Structure formats: C-alpha cells, structure tokens
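Student: Letter by letter, the chains look like this.
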Amino acid sequence: MRFKGMRVAVTGGTSGLGLALVRELHRRGARVAFVARGRERVARLAADLPGAHGIVGDVAAKDDVYPIALQILGELGGLDLLINNASDLGPDRLRLLADTECEEFERALAANLLGPFRLTKAVLGALAASAREGRGALVVNVSSDAAVTAYPEWGAYGASKAALRHLSAIWDAELQPEGVRFLSPDPGDMDTPLHAQAVPDADRAALKRPETSALELLDQIGAAMPVPEGAQRRPS
Amino acid sequence: MIAATEPAQRPRDARLLVLDGRGRVRHATRSDLVDYLHAGDLVVANDAATLPASLRGTHQPTGAAIEVRLASRRSLLPSDVTEFAAIVFGGGDFHTPTEKRPLPPPLAAGDRLLLGPLRAVVTAVLGHPRLVVIAFDGRPDEIWEGVARHGRPIQYAHMHAPLALWDVWTAVAGPPVAFEPPSAGFALDWQVLAAMRRRGIEFATITHAAGISSTGDDALDARLPFDEPYNIPVATALAIDHARAEHRRIVAIGTTVVRALEHAGANGRSIRPGPGIATGRITPATMLHVVDAIVSGVHEPTTSHYQLLGAFANGETLRLADEAMNAAGYRTHEFGDSVLVERALPVPLRKMPIESLRSEDLRT
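So the protein sequences, as listed, match chains A and B.
Number 178 in the working numbering belongs to position 178 of the first sequence; there are no gaps in the numbering.
Number 175 in the working numbering belongs to position 175 of the second sequence; there are no gaps in the numbering.
Check the hints yourself; a few may be wrong.
Pair by pair, the computed Cβ-Cβ distance ranges are [stated by the list, open to error]:
hint, chain 1, residue 1, chain 2, residue 2, range
1, B, Ser270, A, Ala173, 36 to 42 Å
2, B, Leu224, A, Ala196, 56 to 62 Å
3, A, Glu211, B, His242, 55 to 61 Å
4, A, Glu216, B, Val234, 31 to 37 Å
5, A, Asp203, B, Gly138, 42 to 48 Å
6, B, Glu300, A, Gln197, 34 to 40 Å
To give an idea of the chain B side of the interface with chain A (calculated C-beta under 8 Å), a few residues [what the hints assert, rightly or not]:
hint, residue
7, Glu99
8, Gly138
9, Glu142
10, Trp144
11, Ala148
12, Arg149
13, Gly174
14, Pro175
15, Pro176
16, Ala235
Derived, one-sided and incomplete: chain A residues facing chain B with beta-carbon distance under 10 Å [said to hold, decoys possible]:
hint, residue
17, Ile55
18, Gly57
19, Glu75
20, Leu76
21, Leu94
22, Ala122
23, Leu127
24, Glu174
25, Gln197
26, Pro200
27, Arg204
28, Ala206
FYI, nobody ran anything at the bench for these hints, they're computed from the structure.
Since the model is a prediction, treat every value here as computed from it, not as a measurement.
Here a beta-carbon is modelled for each residue, glycine too, at the ideal position from N, C-alpha and C.
Extracted from the complex, chain B is given alone in its bound form (with noise of 0.2 Å):
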C-alpha cells in the first residue's frame, strides 16, 4: 500500500473495501458509501474539530529549538486547558520522518518552555525522556488565543505541504478536542447526510478527543492510544438505545467512536450519556456490545487502529483483506482509502461457511 501525500478529504477516486460479516471483500467507491448501509441502521461519527497542536518552540533551559505535540488532557471542559501531557521533539519539523527526529534536551519538572505568545511549564515527566505534563500561564481564553493563532496541525513526513486547520477539520467538525483528525469522517459530507437521510440510515455524533496515532518512539507507540475523554450527547445515547432494541445496526465512522461507545456502554449496559474517558485497547480479544459495523482508514498492521479491527473480524479475514487492497494500490493514512468492516457473524448465524476469497470479488 502506499501513503496518501495529498490533503483532499474527499477525492473523487477514494476507494472503500468493504469486508463483510461473511468475511468476504468487495471492492467499492467511497462515494458509494451509502450502497453498503442499510435502511436504519445508525450511524454515529466523532464531531471533534482537530486541535492545531503542534507547538514550536525553545526550552528556556537550554534555549534548544523544540516542537511540542499536545497529547491528552484530563477533560473536554472548555476552561479545563491548563494541562496536558504532551509529546516534545528536538530540532526540525515535520518533514523529518518522527522516528529520526532528536530527543529533545532533558526535560525536568519546573523547566519554563516558550512556545510562541504561549508560556508553559514542564510539571512531570512520565518515565520516557519525550513524555512530559505542561502548564500553560495564563486564563483559558488565552491559551484558546495562543493555540490558535500559534499552533499548527500535527502532521508527519508522508504529508509534503503544511496542514492548514481546513484540512483536518471534517464537515461535521464542532468541539475542538482532537489532537489528531478523526478521519475516518473524511468520508462524510453534507451530501452524504442526505442521501442517509433520504434512505432511512439515522445518523448521530459522540466527541471523543482523537490522541495522536503515533510518535515514531516504539516504546511510547506501544502506550498508546493515551486515555481519551469523550461525551455522548443524550440524544445519541438515546438514538443508540433505540437502535439497539430494534435490532438495527450501530455503524462507527472512526475507531475513536468505538472505543468511546464501547467505553460508554460496555458489559452490554444501556449507553451513558454525560463525559468519560475512555482506557484500554480493544484488540482481537475483545467482545464488541455495542458497534457492529466500523468505517476506518487503512491502516498499516502495526497500528492499535488496525488492532482495534481485529475485534470485528478475524486475524486471518483481515490478512486476505490486506492482500486484497496492496494487490489494488490501496492508500494508507489519514488522506487515504477506507474500510467498511462489519462485525463477523457468530458461526450458527452463517447461511453458508467461511468462504474462501474468489477471485471475482477482488476485481478492482
């Protein structure tokens, strides 16, 4: 497969594979996306705008150039801005691939970081010379100031050009949480919406703050994602609750709504609406209660978000998979082609057994 390099949500030749509750692939049109929905089900996406969080700066210390990348923080409240964890990046920027980028100086609590009209603090580092808590000066709707008019979207080499917040923003963008774009919803427009509507598909959203997708650090990369809060408006709980009763399909746009809905309603209790955060992983061993269906980006096997797939069908369906979109040229990344993965159906449910690949459903 290879690297989406260009920032276009929605191009008019993205693909979509989408692998079925057989376990079987097609090849489709993104645009098509609502062919493979089905009246009534629901379909809920991550609302969050994305954050321009990547900072650059000097630590005061040192005067060494830095860039750091907000993280995670503790809630969605808008005055709760203070504090983050963050990830810290010597010298250079973005066009140096993360995993050749320079430690930056040591970092120690109380070191002062300039981060353009931004001032923080360093009050914890976290066992790993680039992970570290900040505290900004300052009232929040100057640090709202700051970020905004100082901070950049986090971006990494494959992308060649600068992201502008345009970029990574989705249609459905409000709440600005997301360190990183849920772009899974790239594949949403407002055309969409109403072609859904027009079908019966109900549609709903949750904010869940999107953490980074990776550092280019192995031993960080393997804590993440990083705890992720969230909120689920009553009305998509809800619209959630009906759904389920009705035996109607909850299809996720974006691993980030699976980890927060499976959060919200795991154990398979009724969702709760209000704020959480959501912990853990969901892997291969997990028992989904909530989603059947997830539309995803493609995403390389080393990823949590293609580990996160694994709940939904089996290591060996997603490897044919896999094939399936190198042999066609899939694109990977946030910019690239999507998955519509629904969840494999429990063997009595089968009409027919696990059916090997045929060579007509891998036609491009």
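Okay, chain A solo, but in the shape it has when bound (with noise of 0.2 Å):
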C-alpha cells in the first residue's frame, strides 16, 4: 500500500540493486522513472514494465543532469522518493590508491558524489513541494560498508562513498525543516556487476541477492515516508 503512487526516480536502474529496486517497486504500484547509460538496456526494462519510465543519461556526466531531471520531472509530475543508486568503481578493478589514476578517482567522485549532489539539486525543489504536500519526500544514497572501513584497494570508491556519507548527513541536517530526509544506507555485499568487477573471482554463492538488499531497502523507505492518506490503519 505505502508505495502506490509514490513518485520515484532510481538511478543506475538497469543492473545490480537498482534493477532489483525498479522491479519490486514497480510491483508494489509506485510510479517509477529509471536512469541508466545503455539504451538497449533502458528499452527493453522500460519494455517489460508497462507505466514505468526509462531515462538514458550519465549522472556522472554534468551535461546529462538537468536534462535527466526535466525528463523525471516531466514525465511523473513530481517526486517524492529520490534513490541514487547509480555507483561507480573509479579504476577498471582493485586498485591500490597509490596505483590509481586521478582520472580514475575523479570518475568515482563524478559518479558516487558530483553525481547525486547535482541530481538531487535539480530535484529538490520538487521534494520540498512533495513534503509540503504531506507525500513525503527523502533521498537514498546509496552507501557501502566502504564508507566507514578502510578497505585497501578500494580507495577511490570507499573514499567516494564516505563523502557521500557525510553528504548525506549534512542535506539531511539541513533540510529537516524542509520536510526532506535523506538515508544513506549500506545493503551489504552484494553478486552485483559493480562486485564482480572488483572481486571477479568471489564466491558468488557467498554474496547478498539484489533482490534481498532491495526489500530490506524499502522497508526501511517504508519506515521514513509517511503513511499515505486513506491507507492508516485505525487502532481497533
């Protein structure tokens, strides 16, 4: 119930968790808008889901923002739930910090912290109307467990994440009053192409599902975005 109508945009919505996201959420009865680089992919996803929304763009790219946020805006009419879900390794695998390329750091920076800085700009005014509405209105950043621990050769990422961390957390402090909230939660290891790609040879079997991450993901969702009207349950 909590999830029909709402207006969400997801980013990196065609692989990993964010797949995982767009589906069950689209399932639920919410009105979805997804972003994602491949055309073919953002087709044939927006194919299988009727009434959900395909947005090909970059976060990372500074140029594509607005013109993601126009079309997210324009095609739900609003939003009330904004999930950057879209992430980034920085270096093409494992890399010690000392080894990285500042334009392979920079790439995680654009992609884990620019990114859903400029999006959710772009966006908040729209969030901020959503909570004055009595809708509700919060950001996801999606986070890791590299964000708080030092993992070795996972600089460039898990220095990207712990800044999108704090971001977090100051947007939020600052925009209670607003009526926005934000959560940067941590879904875990997951068997995602982001995962595979740092660690090809993990055992698989060992790895979160997507699919799991995402309900726990939304139950926590669930938990900060009011309870729509109509859908309260009456004490009996």
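If you follow the hints, you should be able to join the two separate chains into one complex; please do so.
Tutor: What follows is the structure in structure tokens.
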C-alpha cells in the first residue's frame, strides 16, 4: 500500500540493486522513472515494465543531469523519492590508491558524489513541494561498508562513498525543516556487476542477492515515508 | 533602466524597490527581502521549472531554417505533451532581437517540422504567420526526451551567452511546465526560505505554466499572456484560506502567482485547489481578491507584467517608482533587480494622505 502511486526515480536502474529496486517498486504500484546509460537496456526494461519511464543518461556527466531531471519531473509530474544508486568503482578493477590514476578517482567522485549532489539539487524543489503536500520526501544515497571501513584497494570507491555518506548527513540536517529526509544505507556485499568487476573470483554464493537487499531497503524507506492518507491503520 | 545581461540569479548587489501601500518608495538590497515581509505573511511562489522550449530545426516543405518556441499547452498533465501552441521564427537565433527576426516560411496545416530528434506537424495556423499549433510525433516519454536533449531555454538578445537549464530553474523549481522562467523566484534560495521560517513567515507554492514574455511582434504581443494552465496543491489552498481568515497577507512571488490565485479565488470565493486555466489579463481595472503584495522583476511600462502591477498601485505611484528606479539605474529583465509592491490601502485606512515622494526616500 505504502508505495502505491509514489513517484520514484532510481539511478543505475538497469542492473544490480537498482534493477531489483525498480522491479519491486513497479510491482508495488509506484510510479517509477529509472535512469541508466545504455539505451538498449533502458528500452528493454521499459518494455518489460508497463508504465515505468526509462531515461537514458549518465549521472556522472554534468551536462546530462538537468536533462535527466527534466525527464524525471516531466514524466512523473513531481517526485517523492530519489534513489541515487548508480555507482562507479573508479579504476576498472581494485587498485591500491597509489596506483590509482587521478582520472579514475575523478570518475568515482563524479558518479558517486557529484552526480548525486547535482541530481538532488536539481529535483530539490519538487521534493520540498512533495513534503509540503504531506506526501513525504526522501533521498536515498546508496552507501557501502567501504564508506566506513578503510579497505585496501577500494580507495577511490571508499573515499567517494564516505563523502556521499557525509553529504547525506549534512543534507539531512539542513533540510529537515523543509521535510526532505536523507538516508545513506549500506545494502551489504551483493552479487552485482560492480562487485564482479571489483572481485572477479568472488564466491558468488556467499554474496547477498540484490533482490534481498532491495526488500530490506524498501522496508527502511517505507518506515521513513509518511503513510498515505486513507491507508492509515486505525486502532481497533 | 538598463538590461541585466548576466544570468546570475542572485547577484550580491541585486536591489529591491519597496513600494508600500501608502505609495512610499524605499530602496533596499534584495537579499534583505525578508526584512520587508511581516510575521504571519504567507509567501506564495510558482514552482514551475522551465522547459528548454526553443527548438531549432527545419520546415520540411521548404527546407528553411526555423526556430520554434513552445508557448502554451492545454494542461499540466505529464502525458499531455503532444500538442503545443508555438511561435515560429525564421532563421537566426536569440542574438538577433526578436523584432528583427525574419518570418518563417508561410506555414500551413499539415507542414512537417524537423526539430532535432523531434518530428512535428503544424495542425493549425492561428491568425498570424508566426503563431501555430503543432503536434509532436511519438509517445510522451519520447517527446520529453527530445525536448530535454534538443531544446534550449528561450532567450533574448540582451543576454549574450547561451543560457543553460541551471540558469533558468529557480531554487524551488519542480514540474517543468514553464516556457520562460518564473523569474521573480530567482530572489528565493534555501537560505531565504529558512530565514522566512525563523520569522514566522509561511511559504507555499503553486505550479503555473509561465508563458513567453515577448514575441517581438506588436500584434502578437497584444495577445499575451496566453491562457496558462496552473495547479494549486490542496495544502496551498488551505494555507491561503487560513491566512485570509486571519487577515494575514498573501505575498505573491511573481505575476504568474497573481494570475493563478486571482483566477482560482475570483470574486472573493475560497481558493479552489487543483488544476485550472488562468485566462484574461490583470490590469489596473482588476479588483484583487487574494493577493496583498507582489515581488516582481523590473518591467518596462509597455509590458503586460507592468500592467499587472497597476492592480496593486495607481498609475501615478508606479510612474514615480519608475522614475526612482531610472534615477538609481535599476536593471530590468529576468536577471535584473526586483520590486515589492504592496496593494494600495483603501483611502479610509490610510493614516495619512498620500505623501509626495520625499527626497530621503529616493536616496540609494
């Protein structure tokens, strides 16, 4: 009930955790816009999920962010929940920080920190309007245990996710009076394309399924959003 | 007055001319706007984000270069993006003043237009060689993508560098339904909203599809503003009704808010929430029922925006304010300075007769 009619945007929505979130939100009746770079994958998923809006764009590219925001807000007419999920490892595989090229680090920062900042800023007016209308407004910046723990060889990713986590905390403190809340949850070590890129020989059976993480995440999100009018449980 | 030519939404030196209900003029710094509001005021802004509504392309039957400026649509529904009224220019771009832009080739119903990735057909010509209705091919999401990728913000020759979407979206921008920015809202940022909250000033938004401000053609400009769809959230309608019941002021950020609220609350009825279409002009003859004060840009006396201010203050008062702004070099246009105009008090409520302007009031 809680997600029915909710206007949601998910970045990195065609693979891993993002894909699992898009499918589950769609199943629960949310109005979903998802963003990803690959046109074919976007088109295929949009065809698979009637009513969902597929948007092609790269949140790490500054010039893509406003066109993405325009399509999200245009197609949904507003926004209640933004899930900044798209992530980039930085280097093409795990690497010591000292061996990481500046450009690789910049790539991680662009995708994991600046992209979420820019997109949030572009849709903040819509989120605040949603909060004023009593629909609730929430930004989820998907984090990682690498944001907290200093894992060797995860430097670019870990540093960018740590910054994202702190960014979320500051947004949350600043925007609480506007009614716009921020979460920065760690979905756990999942069997996703990004993990396979980082640890190609990992034991996949030991990894969490992204579908499991998606359900956990939606529980957290549901608890942070107001119960829609008419769906309130009355004490008997 | 001089045109503001840089797309800075909140230049540090932006000015605010305050014209109070007794016709008195004060010069202020716009960042101090909150100081000129009262505890209990309800400030209402237009949260429309601005479409990149200028689409360059080709008139297929002749191969001529054209610029299509989307200008109006029927509703704010996300899926209702097939049909638009549009103004069409011939070749060239915003660097040429609109009044010097060539006409498009003669347009007729059925003409195909190629606009970057978008395809459209002229479905009607509305009594002027520049004014048409067009219908886009494709599904709504394809149209949104085409506009997002190919469109550019509508702009005029006074602004030299091409505008980006981040230049024209206000801090509170939400649904992208405006054809030109609701630029009075440039005065607001999150700091200002926080300061308002600290002082007990309420804030609410409506969404209004602000239309184009000028076509460069007198006959067409006389038809502006076109009918503009708007939406008033239930929370905003309630906040307005409460404020009015308690005799608190409604302060509109921009002319579009005045247009929507006076349409939704015509004849003093309570504000009807939901979608509506603002029709007609607000002029000096209009009796305002909802809005008590307006924050607006600095407009030339020939514009419909200026005419709207006449509903708040009489012609002589506005003329004196104009002189004061001219003398002090206020900047016009969307990135220029601002005015705060309080509705003239009815004569019995004035504690003193209308004063002529005093010299200390005019000092900058």
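Student: Tell me, which hint numbers fail for this structure?
Tutor: 3, 6, 7, 8, 9, 21, 25, 26, 27, 28
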